[in-house]
Amino acid sequence: MRHGKYPFIIGFLAVPVALYVTFVVAAYLQTFYLSVHQWSGLGPMKYVGFDNFVKIWDDELFWKSIWHHGYLLIALPLVTIAIALFFAFLLNVGGGMKGGTTIGVRGSGFYRVVFFFPQLLALAIVAVIFGRVFASDKSGMLNGLMPDSWAPWLFLADKRWAMTCIVVVLIWQAVGFYVVLFSAGMGAIEHEIYEAAALDGATKFTLFFKITLPLLWNTIQVGWVYLGIAAFDAFALVNIMSVDRGGPDGATSVLAMMIYRNTFDYSQAGYASAIGVVLFFLTLTFAALTLRVTRREAV
Amino acid sequence: MSDITTSELDRRTLLRRAAAVGFASVPAVGMLSACVGGGEEDTTEQATGTKSAENPLGIDPKTGIEVIIFDGGLGTKYATDVDIPLYNKKWPESKVTYSATQEVSTVVQPRLNAGDAPDMINNSGSKLMDFGAVVNAGQAQDLTELFAAPSWDIAGKTVADTLVPGAIEQGTYNGKPYAVNYAYTVFGLWYNKALFTKNNWTVPTTWADFTALCDKIKAAGIVPFGYAGANASYYMVRAIMTSAGKIGTEQVLKDIDNLKPGAWKNDAVLKAAEAWAEIGKKYIDKSFLGLKHTEVQLRQNQDKLAFYPCGSWLENEQAKDTPSGFEYSIAPYPSVTTSDQLPAPALNAAAGEIYFVASKGKNPRGGMEYLRGMLSKEAALEFTKLTKSLTVVAGAADGQTISPGLTSANEAVGKAGKDIFMGYLFDTWYKKLDDESRIAANDLMFSDYNAQKFCDRMETAAQKVAADSSVTKFTRS
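Going line by line, the protein sequences match chains A and B.
Residues 3 to 301 (our numbering) are what the first sequence spells out, left to right.
Residues 113 to 589 (our numbering) are what the second sequence spells out, left to right.
It should be emphasised that the hints constitute simulated quantities derived from the structure, not laboratory data.
A couple of the hints might just be wrong.
[Said to hold, decoys possible] So the derived label-pair ranges between C-beta atoms look like this:
{"no.": "1", "chain 1": "A", "residue 1": "A16", "chain 2": "B", "residue 2": "K202", "range": "27 to 35 angstroms"}
{"no.": "2", "chain 1": "B", "residue 1": "P435", "chain 2": "A", "residue 2": "I68", "range": "28 to 36 angstroms"}
{"no.": "3", "chain 1": "B", "residue 1": "P435", "chain 2": "A", "residue 2": "W163", "range": "29 to 37 angstroms"}
[Claimed, not checked] From the structure, some residues in chain B lie toward chain A, with a derived Cβ separation under 8 angstroms:
{"no.": "4", "residue": "R223"}
{"no.": "5", "residue": "L224"}
{"no.": "6", "residue": "A226"}
{"no.": "7", "residue": "D242"}
{"no.": "8", "residue": "K269"}
{"no.": "9", "residue": "L403"}
{"no.": "10", "residue": "T406"}
{"no.": "11", "residue": "I551"}
{"no.": "12", "residue": "N554"}
{"no.": "13", "residue": "V577"}
{"no.": "14", "residue": "S582"}
[Said to hold, decoys possible] Derived DSS-like pairs (lysine-lysine); straight-line CA-CA distance at most 30 angstroms:
{"no.": "15", "chain 1": "B", "residue 1": "K472", "chain 2": "A", "residue 2": "K48"}
{"no.": "16", "chain 1": "B", "residue 1": "K416", "chain 2": "A", "residue 2": "K66"}
{"no.": "17", "chain 1": "B", "residue 1": "K372", "chain 2": "B", "residue 2": "K398"}
{"no.": "18", "chain 1": "B", "residue 1": "K576", "chain 2": "A", "residue 2": "K48"}
These numbers come from a predicted model, not from an experiment.
Backbone N, C-alpha and C fix where the C-beta goes; we use that ideal spot for every residue, glycine too.
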């Protein structure tokens, strides 16, 4: 059967590779090609070299968007991972020892399912729901909860807080997935280790920091990369929730939104592609950096 | 014009669109490739026939046409029940292939690029194609012949003769007409006539009257003026621009459209912005910045908001939510100063809703003939009845009582007489400048009330567009 190995492997790989090349690699190559052209999306293209990138450098909105991604990049993984770890720990180890194994807090089976709910909702629906939660008048959920005498909070219509509202929603949606991810990681940690530590009189606090966290490091690292990449997106939420799509006054602008608007609203497909290329390299750099920085010898 | 169209985004469409966006959200970089392709080299054979009195455009009676209609606030009934039967009555052997879409650019743009263009396209909706780019790519048919052809049902006149002033100009790019802007929209301050009569409020004509009335309205516990900042700030841009036009004539707006240096710093623009900033500071409900147009319009229907700046599509758009006894009525924007160049009844009214013929389709002559049918008096009247929107066919709806808002708009047009101006085109020509104006208007009305900053900011943005070689420029005179 040995002589049939390669046809067998090729037969399996041909379709996925073809799909990947057509819909991912080819699309990227076209984007790179477009990024050095001036093109309206219709009609002929004109080669302009690096002009589009020079324009990006001078674009205030671009720097604003980069700033927002920076904010997302710090807030989103940090808060999400912290909350998810806390919940996962409670669900798996928080209940203490019973019959030689660690167990979660009471009702953890139920919470496990509940935490995962947000993940099941399409992002677009989440955005519409939170658009109502954050509505700037009394019809909004949060404003409705406040006393009548208070002036309504503007939330998304307030330049200072609009981006934070978006971050909150992203975190709300992401936490459930990472709870499950970390729970799985914690499940893989040997019970004996906890047992030994508990016998030595370790508190839950020590258990978490000295045992769970180090042994979960690889999983957290993966989560960090995922969330970091998600921080370079945020398109759907911004498009649906924000005032004037990326406003007020660019306060929620993100690169994907700029790409979309330049392509479809401003007929600047070349420029949009250049932003796409920048985004591509940003994401790539981020992933490479994180994996390098968080690399750690096995415990 | 995009004004008519974005407004038609009702909540359901929003949800549907939101869902679509969700799917598209992940591969943001790759999506650009969806629109690659030149579309220069196609040589589709185009159908022609012999010209005659019966067939002034020389169509081939046996070749079919394909029409694509935007399925939005105007509905599609006017096409399926009026225009297509009208066309088929005259040309029974020319089969009309009809389809409707809510996403014109997604459906049509790839077909234009692929050289498989439909013949007549209704370019509208929030996903309309950038029409300047379509013209520039040579994809739109020059409609000079259509406008010179005899009218479908008004004897002795050409199509051009039957239209309101400015109708052709609206679709003219660098001297040639490429689009029929079919719907005729009147812009102004909308209010509930019943509410005003009940409270003995008279419609203001001067700015002093306007602010005095706003004080009274505020005292009555009603928000005097408001618009939706989240997605309808361009209604406010139009209000500011109209005031600027009334202060210093349409020339002010023409200079702005032509990207003339200093156009935005014109004293008329500054005065208009100052006057409106005061309204924003004193009379707007701050939470409107975060609301969508339908939410604010609903407030007006509930008599919680007195004046709303909008176009004449408003009444039809709100038809489902308007309680009985609510009577839509329109008032021209009050004069800002006592030395305004245009009188108080002067109005901004413009043709909108683009219908164009693809130049590289299979049957552009058939497409033009279809448009000639649409521009008949018969089709225009039916359109107005079905959509409660006036058309560019002059006087087609005269003597008809269709609805209070429409009657009011028709009357306002009559009162304004020669002082009707088409307004501005920079919003359709330069989308980026349009966006900047929306942001600047929101800032002016909701957060910093700084007229000078508004002018400076717009001037900078306009000059940036002027200096950008990648943006195709247009001019008007």
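Cross-check of the supplied hints:
1. Look at A16(A) against K202(B): about 55 angstroms separates their beta carbons, and that is not inside 27 to 35 angstroms.
2. The hint said 28 to 36 angstroms for the Cβ distance between P435(B) and I68(A), and at roughly 49 angstroms that hint is violated.
3. Between P435(B) and W163(A) the beta carbons are some 35 angstroms apart, a value that agrees with the proposed interval 29 to 37 angstroms.
4. Below 8 angstroms, beta-carbon pairs count as interface contacts, and R223(B) has none with chain A, the closest being about 11 angstroms; its hint is therefore violated.
5. Checking L224(B) against chain A by beta carbon gives a least distance of about 7 angstroms; that is within 8 angstroms, so the hint holds.
6. For A226(B), the suggested interface contact is broken, since its CB lies about 12 angstroms from the closest CB of chain A, more than 8 angstroms.
7. This hint holds: D242(B) has a C-beta 4 angstroms from the nearest C-beta of chain A, less than the 8 angstroms allowed.
8. Given the 8 angstroms rule on beta carbons, the hint for K269(B) is violated: about 35 angstroms separates it from the nearest Cβ of chain A.
9. Among the interface hints, the one on L403(B) holds; its C-beta lies about 6 angstroms from the nearest C-beta in chain A, closer than the 8 angstroms criterion.
10. With a least beta-carbon distance of about 12 angstroms to chain A, the hint placing T406(B) at the interface is violated under the 8 angstroms criterion.
11. Taken as an interface hint, I551(B) checks out: its beta carbon lies about 5 angstroms from the nearest beta carbon of chain A, inside 8 angstroms.
12. Among the interface hints, the one on N554(B) holds; its C-beta lies about 6 angstroms from the nearest C-beta in chain A, closer than the 8 angstroms criterion.
13. The closest approach between the C-beta of V577(B) and any C-beta of chain A is roughly 10 angstroms, which is over the 8 angstroms cut-off, so the hint fails.
14. Hint status for S582(B) relative to chain A: holds, with the closest Cβ pair at about 5 angstroms, below 8 angstroms.
15. For the given pair, K472(B) sits about 22 angstroms from K48(A) by alpha-carbon distance, which is consistent with the 30 angstroms threshold.
16. With a CA separation close to 37 angstroms, the supplied pair K416(B) and K66(A) exceeds the 30 angstroms bound.
17. Restraint check for K372(B) and K398(B): the C-alpha separation of about 34 angstroms exceeds 30 angstroms, so the hint is violated.
18. Note on K576(B) and K48(A): the hinted pairing holds, with a Cα-Cα distance of about 20 angstroms set against a maximum of 30 angstroms.
Figure legend: structure checked against the earlier numbered hints; hints not met, in rising order: 1, 2, 4, 6, 8, 10, 13, 16, 17.
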